[in-house]
Amino acid sequence: MNYALEINDLTVAYHEKPVLWDIDLSVPQGVLMGIVGPNGAGKSTLIKAALNLIPRAAGEVQFFGNTLAQSKHLVGYVPQRGSVDWDFPSNVLDVVLMGTYGKLGWFKRPAKAERDRAMHALEQVSLQDFAHRQISQLSGGQQQRAFLARALVQEAQLYFMDEPFAAVDAVTERAIVTILQTLRENGKTVIVVHHDLQTVREYFDWVTVLNVKIIASGRAEEAFTPENLMKAYGGRITQFEGYKTSIIGAD
Amino acid sequence: MSARLTVWGVIAVISLMSVLFVPFSAMAWGVNYDYTLRIVALGGVLLGVISGVMGTFAVLRQQSLMGDALSHAALPGVAVAFLLFGRELGVLLIGAGIASWLAILFINALTSTTRIKQDTAMAIALASWFALGMALLTFIQGSGNASQAGLDKFIFGQAAAIVERDVQLILIVGGVCFGVIALLWKELKLLVFDRDFAQANGFPSRTLDLLLSTMIVVAVVLGLQLAGVILMVGLLIAPPIAARQWTQRLSQMVVLSGVFGGFSGGVGAIISAIDVNLPTGPFIIIVAFSLVVFSLLFAPQRGLVWSWRHQSSQQTTLQED
Chain C
38 MNYALEINDL TVAYHEKPVL WDIDLSVPQG VLMGIVGPNG AGKSTLIKAA
88 LNLIPRAAGE VQFFGNTLAQ SKHLVGYVPQ RGSVDWDFPS NVLDVVLMGT
138 YGKLGWFKRP AKAERDRAMH ALEQVSLQDF AHRQISQLSG GQQQRAFLAR
188 ALVQEAQLYF MDEPFAAVDA VTERAIVTIL QTLRENGKTV IVVHHDLQTV
238 REYFDWVTVL NVKIIASGRA EEAFTPENLM KAYGGRITQF EGYKTSIIGA
288 D
Chain Y
332 MSARLTVWGV IAVISLMSVL FVPFSAMAWG VNYDYTLRIV ALGGVLLGVI
382 SGVMGTFAVL RQQSLMGDAL SHAALPGVAV AFLLFGRELG VLLIGAGIAS
432 WLAILFINAL TSTTRIKQDT AMAIALASWF ALGMALLTFI QGSGNASQAG
482 LDKFIFGQAA AIVERDVQLI LIVGGVCFGV IALLWKELKL LVFDRDFAQA
532 NGFPSRTLDL LLSTMIVVAV VLGLQLAGVI LMVGLLIAPP IAARQWTQRL
582 SQMVVLSGVF GGFSGGVGAI ISAIDVNLPT GPFIIIVAFS LVVFSLLFAP
632 QRGLVWSWRH QSSQQTTLQE D
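Quick mapping for you: the protein sequence lines, in order, are chains C and Y. Remember, this note's numbering sits 37 above the position in the first sequence when you count from 1. Remember, this note's numbering sits 331 above the position in the second sequence when you count from 1.
It is worth saying that the hints were derived from the structure and are not from the lab. Quantities reported herein were computed from a predicted structural model and do not represent experimental measurements. All C-beta atoms, glycine included, are put in the ideal place defined by N, C-alpha and C. Wrong hints could be hidden among the right ones.
Here are the computed distance ranges between Cβ atoms for each label pair [claimed, not checked]:
| no. | chain 1 | residue 1 | chain 2 | residue 2 | range |
| --- | --- | --- | --- | --- | --- |
| 1 | C | A106 | Y | V422 | 40 to 46 Å |
| 2 | Y | S582 | C | D166 | 21 to 27 Å |
| 3 | Y | V422 | C | H169 | 46 to 52 Å |
| 4 | Y | T445 | C | R146 | 38 to 44 Å |
| 5 | C | A95 | Y | G417 | 51 to 57 Å |
| 6 | Y | T445 | C | T262 | 25 to 31 Å |
| 7 | Y | D450 | C | S163 | 37 to 43 Å |
| 8 | Y | T445 | C | S163 | 45 to 51 Å |
| 9 | Y | T545 | C | P263 | 51 to 57 Å |
| 10 | Y | Q393 | C | L105 | 25 to 31 Å |
Once the Cα atoms are required to be at most 25 Å apart in a straight line, the calculated SDA-like pairs of lysine to any residue come out as [claimed, not checked]:
| no. | chain 1 | residue 1 | chain 2 | residue 2 |
| --- | --- | --- | --- | --- |
| 11 | C | K145 | Y | K517 |
| 12 | Y | K448 | C | A50 |
| 13 | C | K145 | C | L105 |
| 14 | Y | K517 | C | A50 |
| 15 | Y | K448 | C | Y51 |
| 16 | C | K145 | Y | S544 |
| 17 | Y | K517 | C | M156 |
Go ahead and model the full structure; you've got the sequences and the hints to work with.
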């Protein structure tokens, strides 16, 4: 089987305290995977360590059997919306165009072809009327959709998305889910850090349950079980209760 | 399109003010535009432009305080370079650059190996480097070295010290910085907005960070003799803050910030040339922050006056409904 992402023996530490411990993870191509786990479980850290954005204490990561440097044009990334300053002097189209920079390489500037692709991506997230709007004037959901459009113009095979559903309106959430499912139907692999246990079974066909270590990873029905969640969340019953009701509803 | 008009309008107003300032200063204060003063004014304008352009990146990276730490930290470098090699401007500036650069290394080492936060680390570096610099200056003054006269000008700046050779140096270094910015425009823009996304797209964020920081250090060190170590941060951050109010595009912000910086640097340099005892830094900063206040009040969209009028017009609409 060909893996989109393979992680071996990955450990990440912060001030000598392990944030991720001995992670082994294989993600097959063409799945829509959710990473769930309690706060501080290292979900975002896992994505950032895989993408070499933070230093690893140990471990190696392969993308489609190659290093990140060899396959960087196959990998798309949607950081957390709160990680940038939205008062940056720029409009929506400019931000989406940043998704073309990787393929353009050094020194070359985006031209009409890139602008057309960016406009097309904006249409996919229903932001075409906002292309020339200042990014500081966007709502949270619109910011998230702009980030998603920027990732779409990367035209990647594997996407990492860090909490794309965090504090967005229902319309945006539906729009994002539709796009994620379209990506999967087109054979792309999508890895999403997710917070809301109630929607896991509905959105994802592959799940990784994480709490510093990998608790479980696999098909949603095999990995996303009450036992695994109990192991990950421990005594935090409130979140767990929400999950139980959703499981009953799903079954 | 109207946004572009606004920016051109502001540039036209600043140009007009510059043109009017020359005869005004000649009549009101008896400023004599001889060759020496023209060089001083040109140096002030060029240093202001460089600071304004590089300051835009410092402000957008939220590193204004870093600029302050950098400039204060330069003082012991000036003193040590003087003790070792004597009073040669190029050497003094290299000393300043090395001291600032050591301060950055110290701040980075402190934040990565201990739990001290960055603002605290910068405050430690700023205070201790500056204290060391002042102590060394006192020592130099006590040593009775005749040529030390003028070293304390680095504290508040002295534009009158700028000579033709300095202007050549400023032109070359500034030209290189602007060339790098033009060449790496899209990379630097991406880095400043979203460094993780830049890294994930194959642009080495740490290297680009270092390049940008180096250019900011160069701007700070070059500007020291104009604005002085204490007020240099003002020349670095005031022009971009003023420029940000008038535009929503990075390219326009960089240009406008350069224009504001050049105007402040030139006017400050000319005023301080009236009397040999007037320090340049305070005048530059007064001009620069007048531009900030004016921009915060009157810029369209973001200005306070605009938003008050906007609010009250909305209220009247509501009442009419």
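Quick rundown of the hints versus the structure:
no.	hint	verdict
1	C:A106 <-> Y:V422: 40 to 46 Å	holds, 42 Å
2	Y:S582 <-> C:D166: 21 to 27 Å	holds, 24 Å
3	Y:V422 <-> C:H169: 46 to 52 Å	holds, 51 Å
4	Y:T445 <-> C:R146: 38 to 44 Å	holds, 42 Å
5	C:A95 <-> Y:G417: 51 to 57 Å	holds, 53 Å
6	Y:T445 <-> C:T262: 25 to 31 Å	violated, 42 Å
7	Y:D450 <-> C:S163: 37 to 43 Å	holds, 41 Å
8	Y:T445 <-> C:S163: 45 to 51 Å	holds, 47 Å
9	Y:T545 <-> C:P263: 51 to 57 Å	holds, 55 Å
10	Y:Q393 <-> C:L105: 25 to 31 Å	holds, 28 Å
11	C:K145 <-> Y:K517	holds, 8 Å
12	Y:K448 <-> C:A50	holds, 18 Å
13	C:K145 <-> C:L105	holds, 22 Å
14	Y:K517 <-> C:A50	violated, 33 Å
15	Y:K448 <-> C:Y51	holds, 15 Å
16	C:K145 <-> Y:S544	holds, 23 Å
17	Y:K517 <-> C:M156	holds, 19 Å
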